[in-house]
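From first to last, the protein sequence lines stand for chains A and B.
For what it's worth, this note's numbering labels the leading residue of the first sequence as 1, then goes sequentially.
For what it's worth, this note's numbering labels the leading residue of the second sequence as 1, then goes sequentially.
Quick caveat, the hints were computed from the structure, so don't treat them as lab data.
Think of the CB as a built atom: it goes at the ideal place given N, C-alpha and C, for glycine as much as any other residue.
Honestly, I wouldn't trust all of these hints.
Now the stretches of chain B that chain A is said to cover, found in silico as 3 or more residues with beta-carbon under 8 Å [said to hold, decoys possible]:
| id | segment |
| --- | --- |
| 1 | 202 to 215 |
| 2 | 250 to 264 |
| 3 | 282 to 288 |
| 4 | 319 to 329 |
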Amino acid sequence: MIEGRGLTKYFDAGFLGDPSAAAVDSVDIHIGPGETLALVGESGCGKSTLGRMLLYLIHPTRGDVLFEGKNLAKMRGSELRALRWKFQIVSQHPDNALNPRWTVARSILEPFRIHSKRLNGRGMNGELERLIDLVGLEPEQAARYPHQLSGGELQRAVIARAIALDPAFIVCDEPTSMLDVSIQASIIRLLQERQKAIGCACLFITHDIQLARILGDRVAVMLGGRIVEEGEKILDHPLHPFTQRIVSPHGISQGNGLPEDCKIIPGACTYLPFCPRGTGRCHTLPEIQDYGDRRVSCHMVA
Amino acid sequence: MYYNICNYHKTGPCRYRDRKGTMSIIIEVNQLSVHFPLSTATVKAVDGVDLAVEERETLAIIGESGSGKSVLGTAILGLFPPTCTVSGTITYEGKDLLCLSEEQLRSVRGLQIAWIPQNPASALNPSMRTGLQVGEPLSRQAGWTRERIHERVLELFAKFRVLPPEERSQAYPDSYSGGMLQRSLVAMGTSASPKVIIADEPTKGVDTLNKESIATAFREVRNQGITLVVITHDLDFARELADRVVVMYNGAVLEISDKERFFERPLHPYSAGLLRSLPENGLVPIPGRATARDGAFTSGCRFRSRCPGAGERCAEEPPLIRARHDDAVRCWNYD
Ligand SMILES: Nc1ncnc2c1ncn2[C@@H]1O[C@H](COP(=O)(O)OP(=O)(O)OP(=O)(O)O)[C@@H](O)[C@H]1O
Ligand SMILES: Nc1ncnc2c1ncn2[C@@H]1O[C@H](COP(=O)(O)OP(=O)(O)OP(=O)(O)O)[C@@H](O)[C@H]1O
Ligand SMILES: [Mg+2]
Ligand SMILES: [Mg+2]
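One chain only, chain A, in its complex shape (with noise of 0.2 Å):
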């Protein structure tokens, strides 16, 4: 359904004033329709730029965006505007994802006036009670500005908004991270039940392993802005060895943290500064590789 090859992305002052260095390189990535991408990673490593880029919110400097097989940087605008409603985003910040100026409920309602024929006759006034209830708020706190919001109440506001037209690819950027965990449940599940029901892919970014294992239909793992690992059941049997160091049962306590003063050599994998299984081949990138269920990107795997 949705499908990105080869993407690249340079910010343009160059990556803090190192034009050599890419927020996101070279990533291959395609999710279909009903299905969930969890991605993990570190911070900083390029999954909510993937996520734009796959959005087209951000433009890639290099590589293809494709949507049901069509490149949508051959779209032409009316086209691509026709697209919008289908692509939606829970972004990581709530506090700046809605027009602080309009009401809750007006943001959550946009899209229907925008796109009004996907009401199907439905009021407006039923439609927001019928979002606002699915995320669990109250019509009262519809009527209210974001910021006479709690956090995690915003944050389901702008998942009310990003279901409102049953969207056909939808980003959720760490939908639940301001939610205490009885609520994160019921969001997770509405989402995995509101997916099937309408068949949506879905890229879900996290930093919770247990959430990727069990919401995930396929895991990635970005490292430095590439895929290094990606298949089904990579999180139960890593194979890449930073897959392996993050899901190693470790409390916060036992300093798991990356050294500090990690310096990327240039041309080597990214991982080899901290590898523990690191050879001289290790000095050259490795490409991305398929072992038939997963994909990898080590020497060492093989």
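With the hints as your guide, set chain B with the ligands onto chain A.
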């Protein structure tokens, strides 16, 4: 001297003495209510909260989304949205914060009580270099030259792994990833060695590896004798750091327990339901939902409609009852 919570019970068994006799209370919240009158209803964001924070302790505040944690946290800083009505008292080192002038408050806020806000995107100024913003609390302290501040900021960036520090400190917030923004806020909050740090969801959107650096930093801060109040949905993080856990629901405190005992055996049915909803415990949400905060709780236990064990007595709101050691719970089961 009474310990932990004032006005537990007007009468009854739960007036008890300080277990160590030496701890002193740094922040005391007494019958605090913060209400928002809206055109259709009044939102009782914080509704009669009693809480005492001991000097040097780490207190985790957990609870429902929308239960009033952030409003309580900002109230302790003397920050209130313009439309709310406030009653009760908040004392900090014996001073009644609600009676201080704005000028007096400013010398407390940020310097003595630091605040790490919940919203990284709106908390930082998009048109100011991040390094300058992180060093801002320091610049308000005497004896900090620009060079010294810059050095300290670089240290903090390295500590919170906002790397490489020099380049990142010169960059603007919008070039940061979500987790980096969050970590910069934590760096800013811990920069000036205040007496108390109140952190609102300091680990959201932060991966396990970086969460560890935040946990380490908080542990260091605690060892320096700084009091920590951590508002969080991250139960692992609370378990890792806290001495005591406070559970909020619908504007009220439902439970205050020692950390070990809380995770071993929580007292309140809501707390137990919360632990059951963890992904590793099967992702089972608590059935039902909290009804509107618009006065539906003028009477009775706030959790009654969702509680598996609710009985007739629950039509009356239980007070905080001492259940074991120094732990207190708002539930008739323990009367
Ligand atoms: N607008 C921008 N200008 C310059 N650099 C940027 C911009 N947006 C992102 N970056 C950089 O690109 C890299 C990837 O950022 P991204 O937001 O995709 O990370 P992430 O994986 O989502 O991390 P997190 O888990 O912390 O949110 C980061 O190093 C970030 O600093
Ligand atoms: N300015 C305001 N006007 C009206 N209601 C408000 C305002 N600010 C907060 N509220 C309401 O007060 C209640 C408590 O909000 P608060 O932000 O303290 O929740 P919270 O416990 O921090 O939740 P979360 O975990 O979702 O951040 C919420 O129901 C919220 O909708
Ligand atoms: Mg991100
Ligand atoms: Mg909050």
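>> Using C-beta distances, would you say chain A covers the segment 202 to 215 of chain B, given that this needs three or more residues below 8 Å?
In response: Holds, because 11 residues of the segment 202 to 215 of chain B bring their Cβ atoms closer than 8 Å to Cβ atoms of chain A.
> Would you say the segment 250 to 264 of chain B counts as covered by chain A, given the rule of at least 3 residues with C-beta under 8 Å?
Replying inline: violated (count 0)
> Do three or more residues from the segment 319 to 329 of chain B put their C-beta atoms closer than 8 Å to C-beta atoms of chain A?
Replying inline: violated (count 0)
> Given as covered by chain A, does the segment 282 to 288 of chain B meet the bar of three residues or more with CB within less than 8 Å?
Replying inline: It holds: at least three residues are needed, and the segment 282 to 288 of chain B offers 4 whose Cβ sits within less than 8 Å of chain A.
When the structure is compared with the earlier hints, violations turn up for hints 2 and 4 and for no others.
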